[in-house]
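Participant: One-letter residues, chain by chain:
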Amino acid sequence: MNWAQIKLAIFPIVGFAGIVVLWQLYTDFFDVSTVVLPSPLDIYYSVGENYGLPFQQTWPTTKEILYGCGLAIILGIPIAVGIANLRILNLTFYPLLIAIQSVPKVALAPILLVWFGTGLESKLAIAFLVAVFPIIVDTSTGLRSTSRDLIDLARSLRATPYQTFIKVQFPSALPFVFSGTKIAVTLAVIGAVIGEFVGSTEGLGNLLLRWCLIVGQFGSSAKVYSGV
Amino acid sequence: MSEITSAKETAQADDQHASALFGEFKNVRKVFDVPGGKSVLAIEDVSFDLEQGRLVSLLGPSGCGKTTFLRIVAGLTKASSGVVQVRGEDVVMPHPEFSFMFQTPNLMPWRTVVGNILFPMEILGKNDKSAKARALEIIDLVGLNGFEDVRPAQLSGGMQQRVALCRALIHEPQLMLMDEPFGALDELTRMEMHDLLLNIRKLSNATVMFVTHSISEAVYLSDEILVFSKRPAVIADRIETRLPYPRTPELRYTQEFTELGHRAGIALGIAK
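Residue numbers (numbering that gives the first Met the number 0), protein chains in the order written: chain A, 0 to 227; chain B, 0 to 271.
Just chain A, with the same shape it has in the complex (with noise of 0.2 Å):
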């Protein structure tokens, strides 16, 4: 390892030990309630207390997101490829996405939870329809800047629409494709943990909503932080 590695290394950890240190400083200094903020020492023993529990609940909150943005992407790409590819749909259904897009997916939790009820189904629902808008506008983005002078030689050979579409047209989206996806997947956590805010009996987000309450009988946030 050079040097230029051994700093991309350390910095980012001297960094995260850097900010943890004033913290517990901040706190220890300035007689912080722990309802509103627990030193990391605190939230280091109550990771301890409540050893499992956390990591218990998270299998059913990344099922969500795994199959919320599996989803998307089965969904999102065809329907990337028919807007960038066909002229109708585009206009059809392209301000339509973008209308749906400005709507809050938070306030459409609510309706999703009566539709699919406090189950999987649910969040998966909403992590769903936060990752989708990404992958479709990235991808059908990516479908359309396809270099023209590609596509003419593709042309000049007489390649079919298929040809056109499978060697040329998808492959220089794929970047797109990708980045649409990284973005899906951080998005499709946080439409999880929402939608198990909102109802759920099971998962992260359920598991801090409960300690949350608690924090009032007990007076410690620190449960709620070592969820986190």
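None of these hints come from the bench; they were simulated from the model.
All C-beta atoms, glycine included, are put in the ideal place defined by N, C-alpha and C.
Among the hints, erroneous ones may be present.
[Claimed, not checked] Restricting the straight-line Cα-Cα distance to at most 20 Å, the calculated cross-link-like pairs of lysine to aspartate or glutamate (EDC-like) are:
1) B:77 x B:23
2) B:25 x B:223
3) B:77 x A:30
4) A:166 x B:127
5) B:131 x B:148
6) B:77 x A:151
7) B:271 x B:249
8) A:166 x B:186
9) A:166 x B:23
[What the hints assert, rightly or not] Reference listing, derived: stretches of chain A covered by chain B, where coverage requires no fewer than 3 residues with Cβ under 8 Å from a Cβ of chain B:
10) 149-163
11) 168-174
[To be verified] Restraint-style ranges between C-beta atoms, simulated for each label pair:
12) B:121 x A:91: 47 to 53 Å
13) B:242 x A:160: 42 to 48 Å
14) A:99 x B:86: 50 to 56 Å
15) B:127 x A:140: 33 to 39 Å
On the provided structure of chain A, position chain B as indicated by the hints.
Facilitator: Chain B alone, transformed into the frame defined by chain A:
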């Protein structure tokens, strides 16, 4: 080198019937509609006969419609009116026996050098072992051996254009349409590419239409130069170079070469 040698024999055979008509263009006219309901006349009236096996340059100022004309011959753009025939048939759509080379290398960054070169064979459904062998032969011919499995991003501009040249040759086209392929290269690389193209022409029997705005490039490479006027394009002059083959860099310093360049300059309106 079997396939390339056989191409050479065919080329020599063609030399004996060098006057065979390959393409015929009559009163080709192109009007572009531009947003706002207006239209721009790009090509006013271009007519000429393209002889089999020749390299014909379309020389003209930028924006004069020479690229548009090349695209019309390629079947990528439709002429507004006029006759566009290649081998006696109207060009209504691209033909798999033509190849088109672009101003940029226009390679696929996700494919290796060999993968890019074999692209036309995949599209034409001819991507078999002999295609691969031919690709390797051509790679050898343009001096890219050792770079077969490298991706375009790791190649210099000149090397990328060599790959593009290989891709334009892989399916043994009868007509090569080259749209300022060396325009973006530096002077020295461009001169190397000229000699490479001349070499390839010895081995291939393809007829070539070569768009350029460099007078010396046109003179050095061509059998015939069509000088295009400013837009809307008409043919300002038609120059038979009659320069001997094989052409070597020394040719650039001969009086004949200078005189041909001068004549083209006059037709372009930049010399008297």
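Participant: To test your reading of the hints: which numbers does this structure violate?
Facilitator: 3, 7, 8, 9 and 12
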